[in-house]
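Note that the protein sequences, when read in sequence, are chains P and A.
Numbering-wise (the numbering used here), the first sequence opens with residue 238 and increments by one.
Numbering-wise (the numbering used here), the second sequence opens with residue 238 and increments by one.
If you're looking for bench data, these hints aren't it; they were derived computationally from the structure.
One or more hints might be untrue.
All copies of an identical chain are treated as equivalent in the list; a pair is satisfied when it fits inside any one copy or across any two copies.
Think about it this way: if two alpha-carbon atoms lie no more than 30 Å apart in a straight line, the pair counts; the simulated BS3-like pairs of lysine-lysine are [said to hold, decoys possible]:
# : residue 1 : residue 2
1 : K491      : K308
2 : K479      : K305
3 : K479      : K958
4 : K549      : K826
5 : K478      : K308
6 : K323      : K560
7 : K828      : K963
8 : K395      : K305
9 : K969      : K559
There are 2 protein chains.
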Amino acid sequence: MTRIIFLLSHLLCFSVIAQAQTTPSKTVLEYVNPFIGTSKMGHTFPGAMAPFGMVQLSPQTNFQPLFKNGKYNPETYEYCAGYQHKDTTIIGFSHTNFSGTGHADLGDILMMPTVGDLNLNPLPTANNPTGFYSTFTHEKESASPGYYQVDLDTYGIKAELTASDRVGFHQYTFPESNNSHIILDLVYNIYNYDAKNVWTSIRVENDSTITGYRQTNGWARDRKVFFAITFSKPFKSYGHKKYDQVAYNGFYRKFNEFENFPEMAGHNLRAYFNFDTKASEKIQVKCALSSVSTAGALLNLKTEIPHWDFQKTKIETQEKWKKELSKIEVETISEADKTTFYTALYHTMLSPIIYEDVNGQYRGLDQNIHTSNGFTNYTIFSLWDTYRALHPLFNLMQPSRNNDMIKSMLAHHDQSVHHMLPIWSHYANENWCMIGYHATSVIADAMAKHVGDFDTNHALTAAINTANTNYFDGLGDYKTYHYVPEDKSSASVSKTLEYAYNDWCIAQMAKQINDTKTEGTFTNRSKNYEHVYDASIGFMRPKLSDGTFKTDFDPLDTHGQGFIEGNAWNYSLYVPHAIEHMIDLRGGKEKFTQHLDSLFTMTLDDKYIEKNEDITRDGIIGNYVHGNEPSHHVPYLYNWTNAPYKTQERVRHILNTMYGPTVEGLCGNDDAGQMSAWYIFSSLGFYPVLPGSQNYAIGSPLVKEATLHFENNKTLKIIVKQQSKKHIYISKVSLNGKVIKDFTLSHDDLIQGGELIFEMSKRPKTH
Amino acid sequence: MTRIIFLLSHLLCFSVIAQAQTTPSKTVLEYVNPFIGTSKMGHTFPGAMAPFGMVQLSPQTNFQPLFKNGKYNPETYEYCAGYQHKDTTIIGFSHTNFSGTGHADLGDILMMPTVGDLNLNPLPTANNPTGFYSTFTHEKESASPGYYQVDLDTYGIKAELTASDRVGFHQYTFPESNNSHIILDLVYNIYNYDAKNVWTSIRVENDSTITGYRQTNGWARDRKVFFAITFSKPFKSYGHKKYDQVAYNGFYRKFNEFENFPEMAGHNLRAYFNFDTKASEKIQVKCALSSVSTAGALLNLKTEIPHWDFQKTKIETQEKWKKELSKIEVETISEADKTTFYTALYHTMLSPIIYEDVNGQYRGLDQNIHTSNGFTNYTIFSLWDTYRALHPLFNLMQPSRNNDMIKSMLAHHDQSVHHMLPIWSHYANENWCMIGYHATSVIADAMAKHVGDFDTNHALTAAINTANTNYFDGLGDYKTYHYVPEDKSSASVSKTLEYAYNDWCIAQMAKQINDTKTEGTFTNRSKNYEHVYDASIGFMRPKLSDGTFKTDFDPLDTHGQGFIEGNAWNYSLYVPHAIEHMIDLRGGKEKFTQHLDSLFTMTLDDKYIEKNEDITRDGIIGNYVHGNEPSHHVPYLYNWTNAPYKTQERVRHILNTMYGPTVEGLCGNDDAGQMSAWYIFSSLGFYPVLPGSQNYAIGSPLVKEATLHFENNKTLKIIVKQQSKKHIYISKVSLNGKVIKDFTLSHDDLIQGGELIFEMSKRPKTH
């Protein structure tokens, strides 16, 4: 899910980013610029994390309230990952952040070092003219995988961050002061920042260790994050303030609850810890997270980082990143492309995240504590986005993790009271965001590609259960009518099309394990897209429960026309499992080519753009919207016509215009890595148009050369001959000496390694 | 802690109670009248529970809001146990209730069967003129240990309740209706009924099983109760309503969240389950609790009551009650006394309660999940009340349980961030209610009496830690000044006296394990009572930090004079560990006897009575207040003078006037069983004036005969010769043939069994 805002000016910020300097002997880490996408609506964050790590430790800049003067404040949406590159103030460092999502949550356990009179308000308010925020500049800020540092100019504090899988590691270099503080702000949340807490609790275990938890009611309805924090130096005193009306009176008679009292709890707490500091004295803080308990967090803390060597943790995490990023070695036409590539690759490894303690315990969807036996549990499944290219990329480059992710999805199903696979899930919650049941695609794709050792029978049962949850989002009607009637459920065409594709995925799963009955049932269901095609106008069109099509239909409009995040022009092309039949329905290849040409070249009237925040003029090519996923396969559809060269043109155009090496280098939310995964695949010259099948469609590679190191220890070398900015057309492709004629590669062939050779040309091959 | 209201009319309600009928062949169960104390401020409940059971399933009658027109509503305090005998309406049956406590919480998981149009408001409100409450009459209500039944007249439903240790078992006999409901009200709380929820959650696991939890912020600051409920008949449909502003939007797009949607959550939920019922059709409901998780509740449910045989569970629980109650067999002068006695004995077994799942898991004070290895974990420790007689009674009659309770207290210490033993704890929370650290008394008493196999070294360490928590309630100042200065901490004299006694207890513990250094330290501390004695006026008196006594001192006033729940007249007598020295300080036995006489006979001015709710004219004897614990040992102090016969007079008078067999039969809160334990001991003829020692002081037995069956398989027969209402004086006492001359019995002697023979007379032995 993406709301896109693309800027023509996306190259402007290049100079302020330390990592973007070109040097001859750069390591792969130096080609990652974590600031890419931190401007406008990229929704990425620059902070420190390990690959797929449970902690995402990142600065939070000047946030916007969700409501201003009683009205929704659209600016709050810019802060989905807590950071906006345009800002000049930091209010602290949070331990959880989504990368590139289309909606927001998290921002847990905000810490901020300050000096001088204690101030517990993050930002100036009507009642308090100051805040504990600090100003900062990008000149004194830098980031690379696993490491972030910034000078907090207001206080003369240098803040450095790194992280292991489950522990955030802070290093603050203080000035001399007898009035230094570290604030622990449990009020702060991303999105609706002070109105999401259900409960917060802090225990001061001793003079340098604290534990606690926070329970929030946000996008995730009932989310619990436990933490354990240690300081490298004992605090000299501490205290807290409560920001809520509910008072617990039992304490007041016995104690001054608010100063040096080791047990704090309430809806909204901010605590502070006071220190004397010498000039340039470093105070380090380690903060471990757990979904299980404070005991779990303490275990994670002691197990993962038993020492106080910040540099050691930083190096270990950066080594992990080197290992992951080096799985694909590329040479590109320009250094800028290489930065864009490796940052995209980096962005594909920020979620899903590990979601279990070091002993395998995690909080399940049923809020009970489970132990992952035989797998590592993951969370953050933005599946409507990521089934398309991110999970297929994992099947290619991270099959073990994808296997674990599927096992995590099956555990989710088993813990679900609905007996459903995840839709959009994170932190033991189902957020129900977007449509379809695309976990079926992830599983079918793994099965088609022989990835993993998960229980395929159980997976099929889980998929069938999911596909038969009649109360889910028009699904009962879909089964009754063979389409979702628009008068029963909005976005009915999008749902019908995606359910049909998901049903095809289930049929493929059944086929793999020789369940012919289920295969037949779901193959039949997969044809339901036919019921919403209106041949009279050549578009998919919302149909009512009486069998008639919706009147007053505008195929250019995205809203109220039976679609979601896409109009009929784009969404009508979404039948990935039956492209040839779709083309036939539309009158054959020539007419279809013309339709595609029109899509990319037409001029969209302003009225279709201005009325919502999802589409702006800069984010589209004609009427093609790259930032909204339903079209991601569309540039590749020319391969099914007589003009595959147009796929090559379009793909290359998108690679060059919708991505870039700057803070504005994402044409909208990264969508939990899906946008970046599209870039990785397309840069390498192929794309999984139909997850659940073996096939990749060939586009136009951006790289000059690439080496893919697979988990099976085989290596695929991609060689792009005559590559240049103008040589965007393919004259020949061969895999291990065999010429590919149909612009299709199979996964089983690729995964055997060898050489994939593209020969490029500046002229299209039009015959 | 007790606020007492004693009524002269306490015999009036006799006729309405089914159990109070006298029949020749009554079982011990028939001598228990669970309605005793349910009127006015007894704070007992009539519902069903197993001895020391985790579930207290009891009717909740018309409650009072905590605030009326913005002001505190004193009537709400009547509802500490959810039930008031004067009421004519029931709003449902809750699964947790305190028995006799001086403050309120709980009332979890209210269920109510109804018929007709669904109504989710318990009581009429401004917006809704009706409620789901039912009228009832005491004629169609009865209760006995482990069983309660009532006719819900509004609906023609008969409701029956029983319970195992962890499972409440409901049996509702419905009329014929296609509109029958069972309401599950998670909004309702005892005390501040709709403002305590932090979060509530319900999962409909299948058509007859639901799970969920409730988190509250009440007296316990952060309390979590998980539940699992099964219905004997599948519901035909269900739904819920939310009573809060916080909306989770994710669900609305996909579902009608409010009807037949299996996942409900919010701050305040009421759910309903619909049934068709035939005439006289029984629908049964089992509800298991857990402090751990819904998985724990399901395990408790399946393990404890795997069947649907209501009668079987009722009989099993009543057999448990028979076994516990039969440990003391008594013959009394009147049948009424026998009812009073067995009901008092019953009331001593309603708390502390078992607090762990069947697998030993429980939520600890640190909110982490622990497993009780080698003991059964208990909660609800109202220690300021119960160290006096309840725990000593357990040491006599329930030593195994008291051993488990002490181990539970040690676990509490280990989980406490303060490293303190419990003060007033329940459900993984420390409520900090009242003063002192009387867990030390419970432990010292067990050690003095050789009860249990707990780790005595660990116990001593825990006690020392507790006694050195400087920030606790004036304790640091107590250590510095050797008394609590009134200008530093209110109720300073009460605190000084009780700390001194607790310190003596710690010294006794140290002595038992030959830690002479600790014994010396705490023996010194135990003398601190001397610092607050003002010989010039003959009273304990608040002292300021400058060493001077408070001026403007009124020894009759309970408020603002350095005491809590007692005035200087009563509290000055609180030096249980140095009674002889206290008597010396006061000028010797004769002067002391006169003081005691004055206490019992003086006329207290109205101004000392009317200004607070803790003392009313009817609850006192002269200036002696039986309902407030600090005086509980006072009637026995004559034993240390030359007039022990006055103890006999006073004790017998209190037994006869402050207790009775009716709904108003408690002269104030039962104080978690302490008032009842006083009655049991005193009825048997002796009382533990000094817990932590071997000694009992002899009073005047009320029974004619008693047989105590100890856990060591020994039996003590108490024979009271010439017993009658007028023969209240003791002419001779002998234990196993040995005449007792000093009115003192030792525990070690009693526990060996044999015969304790009292010879009574109507004339006092005055020489």
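Evaluation of the provided hints:
1. K491 / K308: between (43 Å within a copy, 25 Å between copies)
2. K479 / K305: Cα proximity of K479 and K305: in one copy and across copies (23 Å, 26 Å).
3. K479 / K958: Result: close neither inside a copy nor across copies, 65 Å intra and 65 Å inter.
4. K549 / K826: neither (59 Å within a copy, 76 Å between copies)
5. K478 / K308: Both: 29 Å inside a copy, 27 Å across copies.
6. K323 / K560: Classified as neither: same-chain Cα gap 32 Å, cross-chain 75 Å, threshold 30 Å.
7. K828 / K963: Close inside one copy (28 Å), not across copies (114 Å); limit 30 Å.
8. K395 / K305: Answer is neither: 33 Å inside a copy and 54 Å across each miss the 30 Å cutoff.
9. K969 / K559: neither (33 Å within a copy, 92 Å between copies)
In the structure shown, a violation is registered for the earlier hints numbered 3, 4, 6, 8, 9, in ascending order.
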